[in-house]
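Q: Protein chains in written order, with our numbering: chain A, 1 to 443; chain B, 1 to 235.
The set of hints was computed from the structure by calculation and includes no laboratory data.
Keep in mind that this is a model prediction, so the values were computed, not measured.
Where is the CB? At the ideal position from N, CA and C, for every residue including glycine.
Be a bit skeptical, because a hint or two may be false.
A few chain A residues that face chain B, going by a derived Cβ cut-off under 8 angstroms, partial list only [claimed, not checked]: (1) GLY199; (2) THR259; (3) PRO364; (4) ARG365; (5) VAL389.
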Amino acid sequence: MTHRTFLGVTLGGLLLLAGAVGILESGAADVFLEATRPDFQKISLGVVGIQNAGGPDWLGGRIEEVLKKDVKRSLVFDLVDLPSLGIKVREVSNGATAIFKQAADNGVSLLVWGKASLKETGKEADATMEGFVYDSSSDEVVGGKRYAGSSSVIRLMAHRFADELVFRYTGEPGIARTKIAYVGEQGAARELYVMDYDGYDPRQLTADGFLNLMPRWSPDRRFIVFTAYRNRNSQDIDMIELATGKRWTLISYGGLNITPALSPDGNFLAFASSYEGNSELYRLDTRTKAVQRLTVNPSGDLSPSWSPTGRELAFTSDRGGGPQIFLMSSDGTNVRRLTFEGDYNAAPAWSPRGNWIAYVCRTPRKEYKLCVMSPDGQKRMQLTTGPGVDDSPSWSPDGRHLVFSSTAEGKSHIYMINADGKDLERLTFEGTHNSAPAWSPAS
Amino acid sequence: MGKFICTAAMVLVGSVAVLTAGGCGKKSLQAGGEAQSAQQGAMMKGGTGGASSDGAQSGVGSNFPDTSMQSGSSSGLMGLDKNPSEERLGAGGGGMLMAKADSSGSAGRQLEDVRAEQAASAAAGLRDVYFGYDSWTISEEGRQALVRDADWLKTNLAAAIKIEGHCDERGTSAYNLVLGEKRAKSVRNYLVELGISASRLSVVSYGKERPFCEERAESCYQQNRRGHLVVKTAK
């Protein structure tokens, strides 16, 4: 790190501290002072193997593959390639001290192994999986899990086990069982879909035949709010219940009704509507059904994104000419501008950790890319580069990943990326246009 | 102060709703709405899109369920056990069942309606207005096109038109909806200046969600940056 950078970081850190202290005293804004840990030590973990204990040849390998990818994506564990360390066994029995010693000697903290079976019992296939963990720091098998279910939940078993590992070693639920809602294309129509966080098992939610856009989750994952063009000539903000498919209309003012977002406690729906002339922000109290107007100006205000405490909103406004990101308290007071670099900054998404706001930034070469900025405006990073239009960033509940749409490879598809811009992974491969991804809360 | 007015209005609306017997109480909500101060906004006054015929006139749903975070909704993660017992996992992805999409024939109807509109618009020979990048200003060419469209409207006095605002694929989906609306309103405003009654002109924005072409080239981008005029058919 150069001298100047070091100074910059220190000054930045001091400013951040000073700013945060000042803000916390006034109570007017939220900035989480998350300890950013660029040198966070991942826990080294080796997956010995998931053995077949009865069933098709692909079974153990499939679960192992899902488990390894989940572990790697969690960014909590460093997935170790055991054979390259000379650990070539594929099976572990609980008393296998030799392999445990090998692991400890090679600096591997955790060993994971298990077995799976799949029986076709007439109509229903019965699948089981069990997994165990050895921790070299305490030199013991700390425990395991056993799952049973139909063949349709085989991937879920691996995901759940991965989440248990993350929970054990961080105290937070993992993201392997989260979902991503998005908009897919059906002919000329755009409809809502939900898929697993790794792109598997897409399910269609709506079939209205025109445009359903901008899905967002309720905090308990039971509902999705979205913009619906039910009759082609106007939009409503609708809500759908995932377990039943039931729908309600929440907002049906004249004009544009777009970009709905439920607060982290589910008590408010922030949204934009142009029924009073131009696009303004409002919040609907979901209990009393009262609507409060938040912005009053002749420009366009839209795309509200709640801070994790629900006390603040980030949003897009073109009151300065072109679209820029602004922050305000969730009652509409204390409006201040966040972005000053570039002439087009839009689609903000506030991380659940509070420490970053992701958004779409237009570069001097007129490319639409992903950027992140700290809520105090001090730190800014461009996360993506290259061709194509990147849009609609949405954070994972652990705040370590973003999902977004990009036309980098031709058609619009959905991608995942780490919050530091690494490990870009494509999630959708089918369909002609996939956009507007929204990452569900953790369960 | 705003909160007080809101609460007072709510009480008024509530009591009027109670007094009016049964039903959705659309009329009572409207009466209550008028009692609210202008600052809170008259919720039932539609903007330019026209009130939807099926929603509550107040513009806010009245019967949707509580979306508040249920306390104690746990992940169900139980931790690792030395002697794990079997956990049975439910179908459909761990407790979140997903309904099949409702194919009530709505998609087919939409397609038919769009086709009818397209046919009527083609017959009328209405001209569209094209816009510059990031812009909603009407060019000289656009003005000429609208003069001809206004002539048609003055000859066909029973006709109503819908002005769709469109954008090219660049930019965010959300902001392009706002930009599309600005374009549609520019067109509407100019037609009103030319003497067409605003009640015959509705606007809607499709942003970049219903493009006319998909190529990644300026020739296609130009095609998509437009105000598209559509003759409204009988439905």
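Q: Give a verdict on every hint.
A: Each hint tested on the structure:
1. GLY199: violated, 14 angstroms
2. THR259: With a minimum Cβ separation of about 5 angstroms from chain B (threshold 8 angstroms), the hint on THR259/A holds.
3. PRO364: violated, 15 angstroms
4. ARG365: Interface hint status for ARG365/A: violated (12 angstroms vs cutoff 8 angstroms).
5. VAL389: Status holds, d = 6 angstroms.
Violated hints, in rising order: 1, 3 and 4; the structure is consistent with all others.
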